[in-house]
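Put the two chains together into one complex, using the hints given.
Residues per chain, in single letters:
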Amino acid sequence: MAAEIGLLLLIIATVICLLIAVLPLLKNSSEPYTNALISLLIHLNTFALLGAMVILGYLFIANDFSVAYVANHSNTQLASVYKVAAVWGGHEGSMLFWITATALWSSFIVNQHKANSAFMRSLCAILAAIMCGFLLFLLFTSNPFARLLPNIPLEGRDLNPILQDIGLILHPPLLFIGYVGLTVCFAAAVAALLDTQANIQAHCRRIRPWAILTWVALTGGNAFGSWWAYNELGWGGWWFWDPVENASFIPWLVATAMMHALILSSKRDAFYASTLFTCLLGFAICLLGTFLVRSGVVQSVHAFAADPSRGVSILTLLLLFSAGGFTLFAYRAPSLFKPSCYSVYSKESLMMLGNLILLVAALSILLGTCYPLLYEVLTEQSISVGAPYFNSLFIPLLVLICLLMGAAPLVRWQQAQPKVLIPLALYAGLALGLAVLLNLITLPKLSGYFLCGSFSALWLCICIIAAVRQQYAHRAPSASRSQRFNGMCLAHLAVAVSILGATTVSHFEQDELLRMGPGQGKVVAGYTFVYEATEQVAYPSYSAIQAKIQVSDTKGQVFAYIYPQRQTFNTNGMQLSAAGIHRSLFGDIYISMGTPLSDSEYLVRISYKPLVNWIWIGALMMMVAGICLLRRPAIVGAARHTYSAGHRLGAPSVHNGGL
Amino acid sequence: MKSQLTLCQRVTFNCLLWLGLSVFSANAATPSSLPASTSAPVYSQAEIKALGFDIAKSLRCPMSANQNLLDSQTKIANELKAEIFLQLEQGKRKSEIIDFMVARYGQQIRYMPTFAAGTFVLYLFPLGLLLLVFAWGFKQHQSTKTHKISNMDTHHD
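One line per chain: the protein sequences are F and H, in this order.
Numbering follows the UniProt record's numbering, in which position 170 of the first sequence is assigned residue number 170; successive positions increment by one, without gaps.
Numbering follows the UniProt record's numbering, in which position 41 of the second sequence is assigned residue number 41; successive positions increment by one, without gaps.
Bound conformation, chain H alone (with noise of 0.2 Å):
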């Protein structure tokens, strides 16, 4: 009874824990790490407009207060769109062309921020935060543990 008791809170522990490790680790490789082909790809038509629209969505305007590219109406705006989509069609990838911007605009023109000697507080402090909790969660386990023999005694405030 007993290992089982503890086997079941460690497979929910684990899996909350992969759970939130997981989908940022997915998102954090998504802006530089690609796997590298050599072969240039080729888009069709739908994955072109996809691709375009997020990467559009993914950078911020250099000349508005708070806007993507795809929001924005300004010039540079959209020049900068028309420029996404003819990299697509020479075959570029999502990386390459958001690389490109960067070192035209610099990294303000990116909303995801890479993990950096910068920014790795970005993503390592909610995981931090978030396995304190987990912590909680495994302590809270031990002492109702450890209570259900003091609770025999005369409680105590």
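Excised from the complex, chain F in its bound form (with noise of 0.2 Å):
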């Protein structure tokens, strides 16, 4: 019964969907009748949605096997916590969680603005739109409330034991939520072309939020994400540069883009078109993404609700809604465009060089992702693109970005002299040199990749040094200005950090892969590693062999004992091997315990991961750095005040660019 009436409301939401999606078209009709109907139908339609949502999260918490989904994704042994996150752990119900999250901020948006313009109504309906294409998806290709009868199965088939994990609460949430805010994003853009262009200043002053919050959540997403895939063994460790992965990745860096392209045309009432463009493909980019990862065509350890029925479907919608946006676009196009005139050393067009080059890497990671496949279509052999490449190719790439991220804070708006190239040449000169001698020391040849990124992370901090000198040298900014600066400061050294985990880890990582049983011992970077037995354990869920091993450091002092293991699930005998980690912040130890070797030993990876955690408190810092952006309530007058300060700067005899 609960099943159908889930059902029911998924099908209430699409005529609702369908509803708000033709209303802005009946010109007759009043306006204020109008306006408070769509508002109503948002809402209506976010609790029909919301509770579907809880209907399929009640099914699986009732063990309930005779609807399909909860079926092959639940299992009576199933920890309550694990079955609530189940609800998004497949296809389909991801899916209903994506449409909702879209109700959800849908609702949030009218609440917030409410439908009193002609921006706000198509950019309701537009949403609508989308939202009634993903329902009509969800209700004809994967229902999630589908019936197995009459055969209706005693136990269920259980979640798939690697998504039993703290990573499945955490990392599709957030990465559905960035989806959402890409979702928002898009729509929002059409709604501003389909605007008069006197309006597209405020439109994308109202858009920057939303943005932000879209990049803070697809920040997390990729950071959790990044995280869980560390954690487990046989993903490739903390970046594979994975199909999959990618796909979360390439949405990030269009994020990115599009929200300094916001920041940049609220402010400077300019470069609307490219700012545009770069919102409605995030969208786009995330349902190739979707594609990729859901039609299987793409081979991924990644990949858990791969089916290529479903390929069709979610390319249908691609072509649909980006057709219809970039169509749009082009036709209105040129009349966004204004001659610009701002020196190539201005803020202006480091920033947008800085997107330019974001866009760069987004596509060509995209067409490195997708290359077996276009290869395989046409010459029917296979290839494989893989880690080399794409670090051959983002690493420079991260390089020019960093180049700007560092230099745009400390250049003025519009009339930059070329002489602001002086100091930051020093700084570069200086960052170089730190970088060069840093490599002499501790590696024994020079190395291009290290020297990339420990110069990165280098240039990026003295930046950031400097440019607060410069802010708070002059005179003290208002409470705005310097929290929006705050903000900005902190997730750019964010970046910094990660990059230095990142280096770190990459070039100082100490493995060893070594045969081990009861007695043996080995030491790995500076520590003593003694096997001292192998111990058979039981959980609820599965059984597990462990190997003791004891860590002692320099001193001899015994520190951690790590527990590596080969466990074997009850439920469907799949067996899997978990790592011992033993956490710190200036680095980690990673045991795996791999194959057994004879009747007592196994063949054991020892590695110490030095400041491999800093990759994600960096994310964790640019994800602070967001919400910061965000917390002031008044954001659009907040964007006001700044602008006319970004006036008074832009003036030509205020400051020079330099120190």
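Check before you lean on any hint, since a few could be wrong.
[Claimed, not checked] Partial pick of chain F residues on the chain H-facing surface, computed with a CB cut under 8 Å: (1) 594; (2) 596; (3) 600.
[Claimed, not checked] To give a feel for the contact side, a few chain F residues facing chain H, derived at Cβ under 8 Å: (4) 299; (5) 356; (6) 368; (7) 386; (8) 387; (9) 511; (10) 595.
Derived from the structure by calculation, the hints contain no laboratory data.
On a predicted model such as this, the values are computed, not experimentally measured, just so you know.
Just so it is clear, CB atoms sit at the ideal spot from N, CA and C, and this is done for glycine as well.
Set out below in structure tokens:
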């Protein structure tokens, strides 16, 4: 019964969405009436979808295995928290989660801004049209409430054991909220394109906090995903450039560009074409990523919901929405271009260049991700494009992005002179010198990647210090301005922290692959590891063989025991290896237990990963910085304030770009 | 003043371009065309380990979804890892070992595609895009120079 109500709620939501989508087309109806109706319908739609989500959660808790989705993703043995997380643990449920989050976000927007302008009405209509498309896709090809009748299984198939992790609770919801943000920004960009050009700056200001929130969520989604992959054996470590990882990283790159483009446009009354284009691109890329991941066309260790039959539907949605959006853009673009009068050394130009390079990175990674697929279609031979290629592509681009990211806060708006390059060149020289010095001290020979990474991190730090000095030396900035400035500095510093972590762990990781049994020991990275015993342990959902490995430091002091496991799950007999990790701020000790080599010996891999946690600490700092930028309730007022401040700064005689 | 300005601009432009080009060419060169000396290299134990891990990381396990040889626990991956270390001890070069693996398992085992007729797009597409971006920067520079004159006029939308 509950499942049928859920299905009914989905159908109701579909109809409501259809109504909202066509309402603005009825010109004859009186406006106040339509506005109130749109708000009401948006909220009703949210209620219906939330109801459907709650019912799906209830079906999981109640172990209703007559529902196919529940039977395929749950089990009576499954812990309650994973039963709830299993709601978005499979394809159907995660699509429902995506749609529900879109509805919630649209309700939030309507509450905040009221549906009283043409922009808001078209925004609601477009969001509703997108939700309607998704709901139809859900109803016709992937209904989460489909029943397994009459052969009801007694026991569910269980959630994939790999997914029974804290990662499932954090990573997918954040990523989906990010995707929803991209959806909202797409709809807002289309609505802005439909509206008259006079209001376009106001629209950019309105979209900006949504873009920042999108970016925060995507940052979190990627960071938790990376952290989860690091914890899970066989997922290629903290970043492997797997197609599924790329499918979430490419939207992050585009969202980063989008956020900066919106800041630029809302402050400077320019670059609208590129800003709106980036907004449109974000959603298109995220649908393309969904297609790659869900249709099973790419080979990945992370694909859990792959099914070729879904691919066509997602591709249809992608073509429909992006064709609509980009056609409108092509039609309106000529009127958006303005003759720009910004020096190439101005803040505007540097930010714009940075955004463009972010897009270059995103599109190139997209090509690399899809290339094996295209190659196979065209030549019927298969190739792989993996980590070595993407590193050689992304790291140089990252250096360029960091160069611009460090320099942009130091130069003036609009009319910077080439002499601003002199202090910048000094900083760059200093950073490069330090990087080379570090390289010569720590590594036997010069390494291009190490130089790239350490130079970027050092350059960013130096530039941030210079920017802080420049900001506070002149005069006390207004509260909102200084808050924005601090947020920006924190976010840029966070990037430096992440780069530092990634560079260090890539170059100074110490790894040993060895045969180990009880009584054997090995020294790795100054720590002494002694394999004490092999133990049998049992947990509610799995049993395991674990190695008890004692770790002592250089003084012979025992400071930890690490227990890598080989787990066997009770429900489906699936075998998994779980690493034993001893975490600390300056480096993790990471031990995994491989295949048995004799009766008592196993293949054991011991790694010391210095500063690996800094990668995610950096990401957390980015999220905090983003939330700082969002915190002001009167964000539109704040933007106006900064805008005028920016104008004053732009005046030629106020102060000069350097120090 | 004017010549100094263009010089600054040229220098930054060239530096950026060089950065983009050099890293790519360096990496595209590694798989196949190391300088060939006649005598086989003799590696130290530490070098063998570092090189072996490096090679195992850049090859794909033929049996798993998308894992490199180092991480994969399948039987074939363990055999191939042993093969890599064996060949390193025999004094084989990285490129020779990778060529051996490619000959045995096809191009798919290589995570770093070569610069060939079918794959050059992978290398030229990002470079092309980057050139377009720099071209935009250059155009911006040129147009601001001309715009300073037209800026005197009443502004137009």
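**Prompt:** Of the hints given before, which are not true for this structure?
**Reply:** 2 and 3
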